[in-house]
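> Chain residues, written in single-letter form:
Number of protein chains: 2
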Amino acid sequence: MARRPDEPLRGWMGVAGGWTLVGRGNETVANTQQSADGGLCETVHVALAERSYDIFIGAGQLATTAERMRALGTVSHAVVIADEAVAGYARQVQAACQSTMRADLLTVPSGEESKSIARVDQLWQDLLRLGADRKTCLVAVGGGVVGDLVGFVAATFTRGLRFCQIPTTLLSQVDSSVGGKTGVNLPQAKNMVGAFWQPSVVVIDTDTLHSLPEREYLSGMAEVIKYGMILDAELFERLERSVEALRRRDPSVLRSVIARCCELKAQVVAADERETTGLRAVLNYGHTFGHALEAVSGYGAMLHGEAVSIGMVCASRLAESLGRIDAELTQRQVRLLEAVGLPTRLPDLPHEELWRAMQHDKKVEHGRLRFVLPARMGHVELVPDIDASQVMAVLQASH
Amino acid sequence: MARRPDEPLRGWMGVAGGWTLVGRGNETVANTQQSADGGLCETVHVALAERSYDIFIGAGQLATTAERMRALGTVSHAVVIADEAVAGYARQVQAACQSTMRADLLTVPSGEESKSIARVDQLWQDLLRLGADRKTCLVAVGGGVVGDLVGFVAATFTRGLRFCQIPTTLLSQVDSSVGGKTGVNLPQAKNMVGAFWQPSVVVIDTDTLHSLPEREYLSGMAEVIKYGMILDAELFERLERSVEALRRRDPSVLRSVIARCCELKAQVVAADERETTGLRAVLNYGHTFGHALEAVSGYGAMLHGEAVSIGMVCASRLAESLGRIDAELTQRQVRLLEAVGLPTRLPDLPHEELWRAMQHDKKVEHGRLRFVLPARMGHVELVPDIDASQVMAVLQASH
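First to last, the protein sequences are chains X and R.
Under this note's numbering, the first residue of the first sequence is numbered 1, with each subsequent residue one higher.
Under this note's numbering, the first residue of the second sequence is numbered 400, with each subsequent residue one higher.
Watch out, some of these pointers could steer you wrong.
Take a look, some chain R residues computed to stay more than 12 Å from chain X by CB distance [said to hold, decoys possible]:
{"#": "1", "residue": "476"}
{"#": "2", "residue": "487"}
{"#": "3", "residue": "510"}
{"#": "4", "residue": "610"}
{"#": "5", "residue": "647"}
{"#": "6", "residue": "651"}
{"#": "7", "residue": "652"}
{"#": "8", "residue": "694"}
{"#": "9", "residue": "697"}
{"#": "10", "residue": "700"}
{"#": "11", "residue": "720"}
{"#": "12", "residue": "740"}
{"#": "13", "residue": "750"}
{"#": "14", "residue": "754"}
Some, not all, of what chain X presents toward chain R, calculated at C-beta under 7 Å [to be verified]:
{"#": "15", "residue": "117"}
{"#": "16", "residue": "159"}
{"#": "17", "residue": "188"}
{"#": "18", "residue": "196"}
Each pair of labels, with its calculated beta carbon distance range [unchecked claim]:
{"#": "19", "chain 1": "X", "residue 1": "130", "chain 2": "R", "residue 2": "453", "range": "37 to 47 Å"}
{"#": "20", "chain 1": "X", "residue 1": "109", "chain 2": "R", "residue 2": "795", "range": "52 to 62 Å"}
{"#": "21", "chain 1": "X", "residue 1": "43", "chain 2": "R", "residue 2": "439", "range": "55 to 65 Å"}
{"#": "22", "chain 1": "R", "residue 1": "795", "chain 2": "X", "residue 2": "67", "range": "49 to 59 Å"}
The hints are simulated quantities; they were obtained by calculation from the structure and are not laboratory data.
By construction, the Cβ of each residue, glycine as well, lies at the ideal position given by its N, Cα and C atoms.
Next comes chain X alone, as it looks inside the complex:
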């Protein structure tokens, strides 16, 4: 990872409805180290006062989990809770822990259905049966669903257990491993119940990406590209130069790219931990269009990152139509997204329904929408007061 020691911490600067990252935050600095077995490991420190923690990123990191947990102090019991699809990785983690502490393993079915109150209740009962107490550390192994679920169980069992997150999908590695959002769904509404609860440590093993299905891998890549667009022109350029390495899932490129994404998200979260200042909204670039696409095409038909990929192109076209950017900025995104293998064209869906779905988004205000729009590479702004006709024109142009 490129260091820029000449740029001191200047933090975040509000700019006319948007934010720009000025300099590198020294509270979140990635640090590359040679690990004992010769592998390289990057560390990102997430600075949240007494809730601060480290993210360790590299190949072969699963085996270090026990050591990372011991470093927390007073952990004498691990309960590994895994997506059953990655039970193999979970057993590796359990075995690594068992050398120095009691370690249990529980699995939950894959898929969004596991983010339910019934599943949470089951896990609470399991923890009681396993004698979990304040010296227990939960270990979440899987994607965003398991992270959200286990995080919420950790936040609430005996008023708070520590938890270690081991995200095994690219999307969860660059997204939900930073931010502390945990939660589950009610039958009528997603993510309605939850807590802000930070992990005590995050271990990202890039080896887990080798077994990830191609569409899921690319879905995560859409979020990676998003970080370049919204916060870091240099990252975007690096991705443009690394298309072939990214396509073959090169471990050292992935290690460094994932570390940079975590670092960028960590800076946003450190400045707006509980979503009170609005700064975290920059992370939603492409998401207003994207959520509508997911909803109208039927949840599950389109992966989140696929919808965000198309959503970013739509948002960029909207910025163009408002005269805020040149067509070339949109084209650079389209070229990179298509080069890695992501969709950029709107599927055949009724525009009226997409518009209605956008109205349900949190960013609605009196029938007009707020969008996160690009201002230039590496910089976005929150633009209010967008109406239906402006959005419809973009939808027309995006097939």
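Following the hints, position chain R against chain X.
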């Protein structure tokens, strides 16, 4: 409330396994004000950084709830959740709120059974149906059960709603209105699921105590006397001088005594918000014996404060038998507890069972117990390494 401006903030001082309150903390200072209708209101500020809040204490305070909530800013919807036994007070609160905001009312059955996951799930669904969002403030009206339940629902719905606590029992006014502990029971274990979640404001209306059954009122009084013993000799002396006023529930004496208890607990909590330093343990004076009494006599047979009253006398006898205090200190407690109408003698229960029940207490360490014991009036210490024979001797002497 007596002011002692000559004593600056010196905070807490650790003393050989115990703690002593040195001076008055200026972060939690009670402040008496005349309210618009001529009634007197005391305010205790609970200093917890961005989680700080005020407690308002006085007669006729229920009617001020809407005004207290408006002062929080951006509250446009109240959901009052009440113990059905005090639905009348809850309707007064709802009516007061309705003048300036949308206000809904939900009730839950009285009793510990309402602290269940099923009840929490029901309330989450109710909040969704009522369109609760981040501009909604929950209002808990009732005793400790409702406070714990509603606090947990507030902590978890959409990752955190504000809540206003209106404790209507003396016990909840001096105990659970400060501390931020929320939670519910699993079928096999009490308070196993929960969160630390601070209220945004607490309104204590001493008028609600007039309808409280005598045993419940006295149960709260045991906790009041405990605060004097553990932290404030002057408060203890004031209680000794005010027995008649306390027995007839004199509003102005209650206002000032409740305010002082809240202030004392606020100082402990401010120094140990999440129970990490052990300081909060001082609040457990009388509770190791007390919990055992509650468990062995069958939950519900003895009220919590009745068990704590006997438990404090037992703990004091234990301190005597260890040569830590004179018999006179125990006698002062017995005289005050009996004067207000509380039990001080151990009921006829098998001593072996009481000892076994104490082993389940959190303060057990290798078969020997730690007790919070008095050192002198207004000061307690955490004493480790107490064994069965020492406890048995105290049980023998306490009938």
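> Please go over all the hints and tell whether each is borne out by the structure.
These are the hints, each one checked on the structure:
no.: 1; hint: 476; in the structure: holds, 16 Å
no.: 2; hint: 487; in the structure: holds, 31 Å
no.: 3; hint: 510; in the structure: holds, 21 Å
no.: 4; hint: 610; in the structure: holds, 32 Å
no.: 5; hint: 647; in the structure: holds, 39 Å
no.: 6; hint: 651; in the structure: holds, 36 Å
no.: 7; hint: 652; in the structure: holds, 34 Å
no.: 8; hint: 694; in the structure: holds, 18 Å
no.: 9; hint: 697; in the structure: holds, 22 Å
no.: 10; hint: 700; in the structure: holds, 25 Å
no.: 11; hint: 720; in the structure: holds, 31 Å
no.: 12; hint: 740; in the structure: holds, 34 Å
no.: 13; hint: 750; in the structure: holds, 28 Å
no.: 14; hint: 754; in the structure: holds, 22 Å
no.: 15; hint: 117; in the structure: holds, 5 Å
no.: 16; hint: 159; in the structure: holds, 5 Å
no.: 17; hint: 188; in the structure: holds, 6 Å
no.: 18; hint: 196; in the structure: holds, 6 Å
no.: 19; hint: X:130 to R:453: 37 to 47 Å; in the structure: holds, 41 Å
no.: 20; hint: X:109 to R:795: 52 to 62 Å; in the structure: holds, 57 Å
no.: 21; hint: X:43 to R:439: 55 to 65 Å; in the structure: holds, 57 Å
no.: 22; hint: R:795 to X:67: 49 to 59 Å; in the structure: holds, 52 Å
Every hint, counting from the list given before, is met by this structure.
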